[in-house]
Amino acid sequence: MTSRQAIDIFYTFLQGEPVVCATGYISRSAQGAKDRLENFYMIGSMGLASSIALGVALCKPQKKVIALDGDGAVLMNLGTLATIGALKPANFFHLVIDNSGYESTGNQLSHAGRVPLDKIAQSAGYAHVRRAETPEALRKEIAAGLAKKGPVFILAKVSPDSGAPAPRVHAAPEVITENFSKCLR
Amino acid sequence: MKWTPEHTTRASEFSRLLKKDGFHFFTGVPCSLLGALLQNLSEDKDVQYVPAAREDAAVGIAAGAVLSGRRAAVLMQNSGLGYCLNALTSLNLIYRIPSLLLITYRGFGPDAPEHLVMGKSCEGLLKEVGIPYAVPEKDELEKAYQKAKKYLDHEKKPFAIFIKRGIFGE
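In order, the protein sequences belong to chains A and B. Residue numbers for the first sequence follow the numbering used here, so the first one is 44 and each next one is one higher. Residue numbers for the second sequence follow the numbering used here, so the first one is 132 and each next one is one higher.
Some clues are possibly wrong.
[Stated by the list, open to error] Covered, in the sense of this in silico footprint (three residues per stretch, anywhere, with C-beta under 8 Å from a C-beta of chain B), are these stretches of chain A: (1) 79-88; (2) 96-106; (3) 123-132; (4) 212-223.
[To be verified] What follows is a set of in silico ranges between Cβ atoms, one per label pair, in the way DEER data are often shown: (5) B:Pro-161 <-> A:Ser-166: 23 to 33 Å; (6) B:Lys-258 <-> A:Ser-166: 54 to 64 Å; (7) A:Lys-225 <-> B:Pro-161: 31 to 41 Å; (8) A:Gly-59 <-> B:Glu-137: 46 to 56 Å; (9) B:Lys-176 <-> A:Gly-149: 42 to 52 Å.
Worth flagging that the hints you see were computed from the coordinates, not collected in a lab. As the structure is a prediction and not an experimental result, all values here were calculated from the model. Yeah, the Cβ is synthetic: ideal placement off N, Cα and C, and Gly gets one too.
Could you build the full structure based on these sequences and the hints that come with them?
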């Protein structure tokens, strides 16, 4: 399973849930999979997808809020895993696309290949933690995870994509803000 | 932990002022100069204070609150400003996410060595990236806040209020 396949699979399960998409190829692939107003595409502030999604989750407890994250971004902001595990927002869903590298800058390795992020999430106090290494397993875990009381953490172990990357995020940042905020009203 | 009834009173007046305008969401990393305000916010059932692991995460959490239609403030020491400059510039400024920043001003005058460089630079850093700020005295807090609120609402970008020693703690 490649990262884009994983992101494509993820989007087949969504209805109107807000998704905060991590910086880099994650946002680009999300836009490619399903460009929707409920996607908050990050083009900067790497590492903060989970923090932003946490802020939304705490303010919108009736909505399922999703952080579509990457392993490099999670490693950059491990502290927020502890914040999420401590606060335990039941509506928080964390999907981490783990290619164990920095794909958008040339596939340099991250330490996620040797450090299991799902075990860190488990220790941090996430309520439901799963790992998926095949498309079938990912479908099953996403479907099950969306029905669970959170915080949910799903680690999708993937390989990097070989083809050309999805196009850059086309909306201007302030337009992304406007669209996303409207969906949260 | 050094704050007095004077700090406590000022903190409760300041939080009342913010709450009146709909600031009910706070996040940050503590500083002793915010002692009385943090205590007030943590004990107030009408507001939510979310302790963050680091200042940039707090900026992200507050951004999520603002995107959800809430007003939000981030509390931190100016040492944390270094950690969150990228978040402020590549998230708040370009996405137009107006968070109120309450930043303690360590290194304003004599202080411990670790505060001296940031104490000298923090105003310049904000000026350089284009985040306006105020450095109020005790009795200018409300005026600074009104200026901040106006800016947040009109420009949809963050505004910082530096909190000097003696306002909410020593």
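Verification of the hints:
Coverage of the segment 79-88 of chain A by chain B holds [criterion: at least 3 residues with CB-CB distance below 8 Å; count 5]. As drawn, the segment 96-106 of chain A meets chain B at 8 residues by the rule of a beta-carbon pair under 8 Å; at three or more, the given contact holds. Counting residues of the segment 123-132 of chain A whose beta-carbon sits less than 8 Å from any beta-carbon of chain B gives 4, enough to reach three: the coverage restraint holds. Here's how the segment 212-223 of chain A fares: 5 of its residues keep a CB closer than 8 Å to some CB of chain B, so the rule of at least three is met and the hint holds.
Separated by about 24 Å at the C-beta atoms, Pro-161 of chain B and Ser-166 of chain A satisfy the suggested range of 23 to 33 Å. For the hinted restraint 54 to 64 Å between Lys-258 of chain B and Ser-166 of chain A, the CB-CB distance of approximately 42 Å leaves it violated. Range check, Lys-225 of chain A to Pro-161 of chain B: about 35 Å between beta-carbon atoms, so the 31 to 41 Å window is met. For the hinted restraint 46 to 56 Å between Gly-59 of chain A and Glu-137 of chain B, the CB-CB distance of approximately 50 Å keeps it satisfied.
Hint check: Lys-176 of chain B to Gly-149 of chain A, Cβ distance near 50 Å, so the stated range 42 to 52 Å holds.
Violated hint for the displayed structure: number 6, the only one.
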